[in-house]
Amino acid sequence: MGKAAFDEMNGFGGEHRAAYRQLQAWLEDTPVELLEQRRLEAEALFRRFGITFAVYGQKDAEERLIPFDLIPRVLTASEWKILEDGLTQRVQAINALIIDLYGKGEILKAGIVPEELIFANEAFRPEMIGVEVPGGVPVPIAGIDIVRVDAEKFYVLEDNARTPSGVSYMLDNREATHLLFPDLMARSKVRPVERYPDELLAVLESLAPRSASSEPTIAVLTPGSYNSAFYEHSFLADKLGVELVEGRDLFVRDDVVYMRTTQGPKRVDVIYRRVDDDFLDPLAFRPDSMLGVPGLFSSYRAGNVTLANAVGTGIADDKAIYSYMPEIVKFYTGEEPMLHNVPTYRCREEEALKYVLDHLPELVVKEVHGSGGYGMLVGPASTKKQIAEFEKKLKSDPDNFIAQPTLALSTCPAFVDGEIAPRHVDLRPFVLTGSKGTRIVPGGLTRVAMKAGSLVVNSSQGGGTKDTWVVED
Amino acid sequence: MHLKLRHSTRYTYDTPVRGIIQMLRLTPRPHDAQHILHWRIDVDQDATLKPSEDSFGNIVHTFWAEGPLESLTITVEGEVQTENTNGVVQGTPERLPLGLFLRETRLTTPNDAIHKFAGKTAGSKPTLDALHALMEAVHKRMKFDIGVTSVATTAAEAFKAKHGVCQDFAHIFIAAARSAGIPARYVSGYLREDGGREQYEAGHGWAEAWVPDLGWVGFDPANNCCPTDAYIRVACGLDYLDAGPVRGVRTGIATEQLDVEIQVTQGSNQ
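Protein chains in written order, with the working numbering: chain A, 41 to 513; chain B, 2 to 271.
Hint data in this document are derived by calculation from the structure and do not stem from the laboratory. Being a predicted model, the structure only gives us computed values, none of them experimental. Do not rely on the hints blindly, as some may be mistaken.
As the list claims (entries may be wrong) - Straight-line alpha carbon distances no greater than 25 Å define the calculated DSS-like cross-link-like pairs of lysine-lysine that follow:
id : chain 1 : residue 1 : chain 2 : residue 2
1  : B       : Lys161    : B       : Lys121
2  : B       : Lys144    : A       : Lys435
3  : B       : Lys117    : A       : Lys435
Taking the hints into account, I'd like the entire structure generated from these sequences.
Printed below as a string of C-alpha cells:
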C-alpha cells in the first residue's frame, strides 16, 4: 500500500508508544494458546448475547456474528480530549446546519453550500421546512467516523446524523473484555462506557415536548425483527428500560401518539426511532410503508412528540455536503474546525473530475449518498478491469461521486489466525446532545479490517470490532 | 366566474373497519384570481377535523374515526369567484426556495426518453415558449385514457405507454420542465369543462412552472391550455403525493368500494 501505516502500538516501527506500554507487556506475557482459548470463549459469549448482523445483498442472508477482536485499542486521555472537543464542535455545527437548512437557510444565502446540493438531495425533506423541531435538537445522537494517520492527526471520514448504529457493540465489547480478561481490566485505568444508556436516557428525556410530564414516556421504534440492526434496537430498549415498539404498536389520535399497552393506550412523548424517514408515516412519506405510524408526522409538526433523530437529518450524511464541513463548522461556531476533513474532490466540479479520472488507481471514490462501504472504489486495491468499469460509472454521473486520497489508516494489534498482527482500524464515537449540551462516552466503536492490508472496515464487508479504551495518561 | 362545487367521496366496506385516519387536501387557499366565498368539509362519522398547514402552504385537515365503520363519506361544498389570468398565479404563500422545485421525485424522475423529449421540445427557447411547446407536445403524444394508469404510475411509465389521465400528463410535463431546468410543481383542483358538463368522476390535476417576470404559471397538458377562470386551484406540491386530495390508512381487513361524485356548476354572477 505504498507508505507504511502508523501503528498505534509501535508507531512507524520499533517504537513503544506509551499508551500501549501496559497492554504490550501483557501481550508478551500471554501465551497464544490462551488467547486462542479466549477467542473461542468470546465467540460463545457473543452467541449468547445474541449479537448478529444480517448482510444485505448476500444470497444466504443468514445472520452471522461480527468478528470481535480480543485485543483492545487504546487511546490516551489527552488524545481523547482532542477528539472530544473536536466532536462536540462538529456536532454542534451539524445541529445548527439542520435547523438552518429547514429554517432561514442562511448558509445558502451566504453562498457557502450550493443550493442544488441541498434541494436536489433526497435526504432533504421539504416536509420539514418551517417545522420547529420538538425538543430543539435535531440530532441528539450522532456517530462520527474518525480515522487516524499518525500520532497527532485524526480525520473525520464520515458524519452519521441519520440513525447511527453500532453502540450496542461498543457496550457488549466492553462487557466481553471484563469477562474474558478481568485481571487486565482491573490493572488498567480504563474510563467506563457503561453509563451510555443512562446518558442517552437523560438526553431523550431532556428533549421531551412541553406537553410531557416530568417523567416523559419514551419508546424505541424498530422496523421489526427482520431488520439487520434489530439486535441493537432491542438491546437499547432493554438498557434504557423503555418499550420496544413497532409501528403497529403505536397509533395517533387528535395529533397525539399513543402506545397500545395491556392497561390501555399510553401517551408517548419521545420516540427513539430506528425507522428511516421514508417509512415513518404513510400519510406523509411513502404511502406503501407498513412500518410506520399513520399520522405520526402530523403529531410531530404539532409539537406533540419528539423524534430522535429528527426527520431530514440525513442531509448531513451526504458526502458532497461533508466536503463543505470545514466551512460549515466555521460558519456556525465562528471557530476554526478542530477536527480535519479528509481532502475531498467533488466530481461535480470539472477540474476535480479531471484530476480524479487521471488518478483513479490512487484514490478512493465513493457515492455521495452511499453508506456501508457499498458502491465504492478503492483504487490501490482494485484491478485494472475494476477501475475501468468504475470509470464508466463515474463518467456517466459525476455528480454522484466524491474522491479522496487513500489514507494510510492507522493499525492496531489484532489477534488473527493464531497470531498478533497489525490491522487497519477506524473509530465511531457516539455523540449525544440534549437540551443541556453535548456528552460523549469516552471511546466508541472501533472497527477493524480483519484482512491483512485491507482498508475496508465495514461489517458488511467482513470487518470486525474491538473494545476501545480511553486510559489516563 | 362564479363556481359552485360539490364533491362527495364515499367509501363502503364489505366488513366493518376498526378505524380510519385520513389527511385531506381539499380546501383551496385564495389567491389574486381566486376568492373563496364559502367552503366546508363534512365527514359523516364522529370525527374532528384538525386543520394545519403543510410546507407547501396547503391547508390540510386530519381526522380520526373510530370503528366499527361500514362506510365513510366526505363531502366538500364550496363557492369561489375566479378571474381569468391566463394561468398566472399570484398571491399564493411562497415560502419554499425555487430550487426545490427542480428536484426529482419518484413519480417525476425523467428517464432518458423524457430528457431527450425535453431537450428537443424546449431547446433553447425562452422559458414561456419552452413551456407552451412542452405542454403541446405532451398533449399531442399522450392519449387520455381512464383506468390504464394508477396513482402510483410514474412519469416515465406513462410516457412510454403514451396514455394516462390528467395526473400522468402533469407528471410528464413536470419531469420534462425540470429536466429543462425550469422549476415546476403539481397542482390539484377542479375544472368546469367547456360545453356545460357538470358531473365528474374525478378532480383535476395540472402543473405550474416558474417563469421569470411572471412567477408561477399554470399549464394543463391534459387540455392543452393554461388554467382559466373555470379552474379551482386547491393544493400544490412536488408531485401528486404532496398535493392529492386524500391520503388515508384504515385498520381492519376489508375490501372497499369507492364512489366519487363531483359537480362543478356555474353560479349566477351578482
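Verification of the hints:
1. Lys161(B) with Lys121(B): Given pair Lys161(B), Lys121(B) holds - Cα atoms ~17 Å apart, limit 25 Å.
2. Lys144(B) with Lys435(A): violated, 37 Å
3. Lys117(B) with Lys435(A): Measuring from Cα to Cα gives roughly 19 Å; hence the hint holds.
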